[in-house]
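These protein sequences, in sequence, are chains A, B and C. Per our numbering, the first sequence runs over residues 392 to 708. Per our numbering, the second sequence runs over residues 98 to 346. Per our numbering, the third sequence runs over residues 181 to 469.
Honestly, the hints are just simulated from the structure, not real lab data. Ideal placement from N, C-alpha and C gives every residue a C-beta, glycine not left out. Please note: incorrect hints may appear among the correct ones.
[To be verified] Pairwise CB distance ranges, derived in the manner of DEER restraints:
1. C:G248 x A:L606: 54 to 62 Å
2. C:P247 x A:I497: 23 to 31 Å
3. A:Y508 x B:E167: 22 to 30 Å
4. B:Q186 x C:I349: 50 to 58 Å
5. A:P485 x C:I349: 29 to 37 Å
6. C:E246 x A:Y508: 20 to 28 Å
7. A:E503 x C:P247: 56 to 64 Å
8. B:G155 x A:I497: 58 to 66 Å
9. A:W448 x C:Q321: 29 to 37 Å
10. A:N535 x C:D235: 48 to 56 Å
[As the list claims (entries may be wrong)] Covered by chain A, per the in silico footprint, the following chain C stretches (three or more residues, Cβ under 8 Å):
11. 190-201
12. 250-260
13. 325-333
14. 388-399
15. 402-409
16. 428-436
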Amino acid sequence: MKFFKNKNGSIYTSNNLGDIFFEKITGFFAAVVLILVILMAYEMYAGAKPSIEKFGWGFLVSSAWDPVREMFGALPIIYGTIVSSMLALLISVPLSIGVAVFLSEIAPSWLEKPASYLVELLAGIPSVVYGLWGIFVLVPWIRNDVQPFLSQNFGFLPFFQGPPYGFGLLAAVLILSIMILPIIASISRDIIRSVPHDQREAALALGATKWESILIVLKEVKSGILGASMLGLGRAVGETMAVTMVIGNRPLISASLFDPSYTMASAIANEFTEATSDMYISSLIHLALVLFVITIIINALARLLVWSMDRKWKTVR
Amino acid sequence: MEIKIAVKNLNAFYGKNKVLKNVSIDIPQNKVLAIIGPSGCGKSTFLRCLNRMHEVVGGTVQGSIMLDGEDITRKDPVLVRRRLGMIFQKPNPFPTMSIFDNVAAGLKYNGKTDKKETAEIVEKSLKQAALWDEVKDSLEQSGINLSGGQQQRLCIARTLAIQPEVILMDEPASALDPISTTKIEDLIFELKKNYTIVIVTHNMQQASRVSDFTAFLYMGELIEYDATKKIFTSPELKQTEDYVRGRFG
Amino acid sequence: MENGAMKSNLYLYKKKIINLIMLSLSVLAAVISIIPLIFIIYYTVSKGISHLNIDFFIEMPKPVGEPGGGMANAIVGTLIMLGIGGSIGIPVGMSAGIYLSEFGKNKFGNVVRFFADVLSGVPSIVVGVVVYSLVVIPMKQFSALAGGIALGIIMIPTITRTTDEMIKIVPQSLRETALSLGIPKWKTTVSIVLKTAWKGIATGILLALSRAAGETAPLLFTALGNRFWSTSIGQPIASLTVYIYDYAKAPFEDWNNQAWTAALVLIILISILSLLFKIITRSRYNIKQ
Numbered sequence: 392m393k394f395f396k397n398k399n400g401s402i403y404t405s406n407n408l409g410d411i412f413f414e415k416i417t418g419f420f421a422a423v424v425l426i427l428v429i430l431m432a433y434e435m436y437a438g439a440k441p442s443i444e445k446f447g448w449g450f451l452v453s454s455a456w457d458p459v460r461e462m463f464g465a466l467p468i469i470y471g472t473i474v475s476s477m478l479a480l481l482i483s484v485p486l487s488i489g490v491a492v493f494l495s496e497i498a499p500s501w502l503e504k505p506a507s508y509l510v511e512l513l514a515g516i517p518s519v520v521y522g523l524w525g526i527f528v529l530v531p532w533i534r535n536d537v538q539p540f541l542s543q544n545f546g547f548l549p550f551f552q553g554p555p556y557g558f559g560l561l562a563a564v565l566i567l568s569i570m571i572l573p574i575i576a577s578i579s580r581d582i583i584r585s586v587p588h589d590q591r592e593a594a595l596a597l598g599a600t601k602w603e604s605i606l607i608v609l610k611e612v613k614s615g616i617l618g619a620s621m622l623g624l625g626r627a628v629g630e631t632m633a634v635t636m637v638i639g640n641r642p643l644i645s646a647s648l649f650d651p652s653y654t655m656a657s658a659i660a661n662e663f664t665e666a667t668s669d670m671y672i673s674s675l676i677h678l679a680l681v682l683f684v685i686t687i688i689i690n691a692l693a694r695l696l697v698w699s700m701d702r703k704w705k706t707v708r
Numbered sequence: 098m099e100i101k102i103a104v105k106n107l108n109a110f111y112g113k114n115k116v117l118k119n120v121s122i123d124i125p126q127n128k129v130l131a132i133i134g135p136s137g138c139g140k141s142t143f144l145r146c147l148n149r150m151h152e153v154v155g156g157t158v159q160g161s162i163m164l165d166g167e168d169i170t171r172k173d174p175v176l177v178r179r180r181l182g183m184i185f186q187k188p189n190p191f192p193t194m195s196i197f198d199n200v201a202a203g204l205k206y207n208g209k210t211d212k213k214e215t216a217e218i219v220e221k222s223l224k225q226a227a228l229w230d231e232v233k234d235s236l237e238q239s240g241i242n243l244s245g246g247q248q249q250r251l252c253i254a255r256t257l258a259i260q261p262e263v264i265l266m267d268e269p270a271s272a273l274d275p276i277s278t279t280k281i282e283d284l285i286f287e288l289k290k291n292y293t294i295v296i297v298t299h300n301m302q303q304a305s306r307v308s309d310f311t312a313f314l315y316m317g318e319l320i321e322y323d324a325t326k327k328i329f330t331s332p333e334l335k336q337t338e339d340y341v342r343g344r345f346g
Numbered sequence: 181m182e183n184g185a186m187k188s189n190l191y192l193y194k195k196k197i198i199n200l201i202m203l204s205l206s207v208l209a210a211v212i213s214i215i216p217l218i219f220i221i222y223y224t225v226s227k228g229i230s231h232l233n234i235d236f237f238i239e240m241p242k243p244v245g246e247p248g249g250g251m252a253n254a255i256v257g258t259l260i261m262l263g264i265g266g267s268i269g270i271p272v273g274m275s276a277g278i279y280l281s282e283f284g285k286n287k288f289g290n291v292v293r294f295f296a297d298v299l300s301g302v303p304s305i306v307v308g309v310v311v312y313s314l315v316v317i318p319m320k321q322f323s324a325l326a327g328g329i330a331l332g333i334i335m336i337p338t339i340t341r342t343t344d345e346m347i348k349i350v351p352q353s354l355r356e357t358a359l360s361l362g363i364p365k366w367k368t369t370v371s372i373v374l375k376t377a378w379k380g381i382a383t384g385i386l387l388a389l390s391r392a393a394g395e396t397a398p399l400l401f402t403a404l405g406n407r408f409w410s411t412s413i414g415q416p417i418a419s420l421t422v423y424i425y426d427y428a429k430a431p432f433e434d435w436n437n438q439a440w441t442a443a444l445v446l447i448i449l450i451s452i453l454s455l456l457f458k459i460i461t462r463s464r465y466n467i468k469q
């Protein structure tokens, strides 16, 4: 009597030497991916250790970012990261949903190819080119048109006060919104498409208008779109070059969108090569570790949401 | 009559689901054995156990399958499969290969590289599969562009090229039109001179036309196994008679 | 009776208006989203093209004040680092992807899949920091090698996941056929499954390469940059993206203009990459689904 063992859930077992070697060697590289992530976490922890030991959790809540006195508190930087990416999300998500609905429900089918090509193109433009455009086109426009307009009409609000530099939080928010829009829109579009077509037809047959049938679909895919937005958030939080080039790079907590600000990624990019003391470098690595942890959490949540969407429709089908 | 494959107490599982229960069959050499039974009776699983394909989809097996006196459940599946070729329900030529490369695929990946010999075997196999005259001028074209019947004969040629001893056919004509089906059946008649053939079919007429022996499976159990003539004219069991007369299944 | 009819008419009317408004809003959103793209492309092409000439590709950067010059060293530097990155990212990513799709239906496979996703979400600047402490500090030197390794790490998750996905959609029947011919599993995977999935995998590789070509952040403190000609992988090396960054921030108009040209060249390079792969991967036979 003999059992074919089904070890590792692999679909095939063999005593063929080539096969065994093949599984081992590809498995080794799969392990490399895993080891790489662990190694990254460890390296950063090791590099950040002096800063962690000196500042502890105070690193996250103190606002002293002072290389001269070697005092490092990342609160303004964390604040800038959260505010810039959240505001970008606020602009991008509604637009993305609009675009996704347009592409999946309204646009004629011939538009599909050029539209997906455009999305690809947008996603393919390097961050530093967005930054270049930001410096020479977006920032002057904000300085000369947007900020004067806002301070004249809404200047009583704390968000729109101060001198119009152009460089600052507002520019960073706008450029981030442009950059994360294609990601959120294209994932949302795929998710909306994954809803079986008969659901829309059922709604239409009951006398619903097109919009009402779309609304039914959107309600179905809520968590998927939330996941797509989280992926966009993850991207915004880690976005470096474009933000560094337009945000003004000053660790400042201010209600005004006109003021310069800082993000974790831009602080690292901007100061790492200039950091002279060990504690300075250690603090920057500490910042990288915080950024690493935050993006992992955001991405894990996002994947879970998008995956749950996938599975939902697979079982329905 | 020589026995080519002796199956003893074969049990097959998908996970905890037992799909074959204690099946024992002696398969005679150079004859055609037809396996019949309603869908889900385990006839395809039985076939796939014979060349160790059952485990490819994650199944497990208990019992013994003796091929010329050797238990294939204890041997390297790669070697087993070279001796038992398989034809699938849907014709499935390799989409990235030409007609020639399709037939040569088994040879090439089994380490045979002599070009002249390969060309000879390809021609011989295509002739055996009664396809040579139709494709001899288009050997470099993709196999995908052939008709369904031609594709299936291409797959048969591909299997013949590795010179197996047994050919397993899993409803080889069920996706084909009547004329192509006739061609395949004629082919089976020719092939049994040199090969032992096991064919799974849900088509009763086909079973009675092409096979020498017939086994009737039901719910994973072997109900009756005898000469085809006997099964279709005067089976021992009422259950078998009901099935071959089309009263259930 | 009449009243009821009017009421339902009004209700229908309202429904239709809302429908119209919402659909228009969706179209508007699409239009608004397109505008920045058009502006970015327009500025990059119009500003970049005015200084685009053959010198840009064959000359070295000129000091401040001297007009002209090019970025030959940066173009070569970008290509060298892409080469290093590719020779790390492609084999590792593809092998890991093959493992995941062919053997990875187990716990280990799921963990690796999750970690690949994690890795793809890690900001590239973080990868730069890690490579700095892993490669630059031990070598006591910024180098093309460090930059290439950083790009390679960034490429891995994209290639892993596309390989995994693309191999998965190869029909199981194809594998079974090959196995039934007595072809060993590894040969089946390499010669038949990979061959069938090659187009999709190549697209993933292209995507990873073109993204890597546009990366700046992980190069800032790994490859650093170099104003001189260097092809040594042990030395700091120039790249188009770092040049764009430096020249965009510089207070010299000449340099600003060069930055635009570099941006245009970079986008052209990325487009060529995609074109190249499309030509290479045009298969001999079309696969009918």
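- What hint numbers does the structure not satisfy? 2, 3, 4, 6, 7, 8, 10, 12, 13, 15
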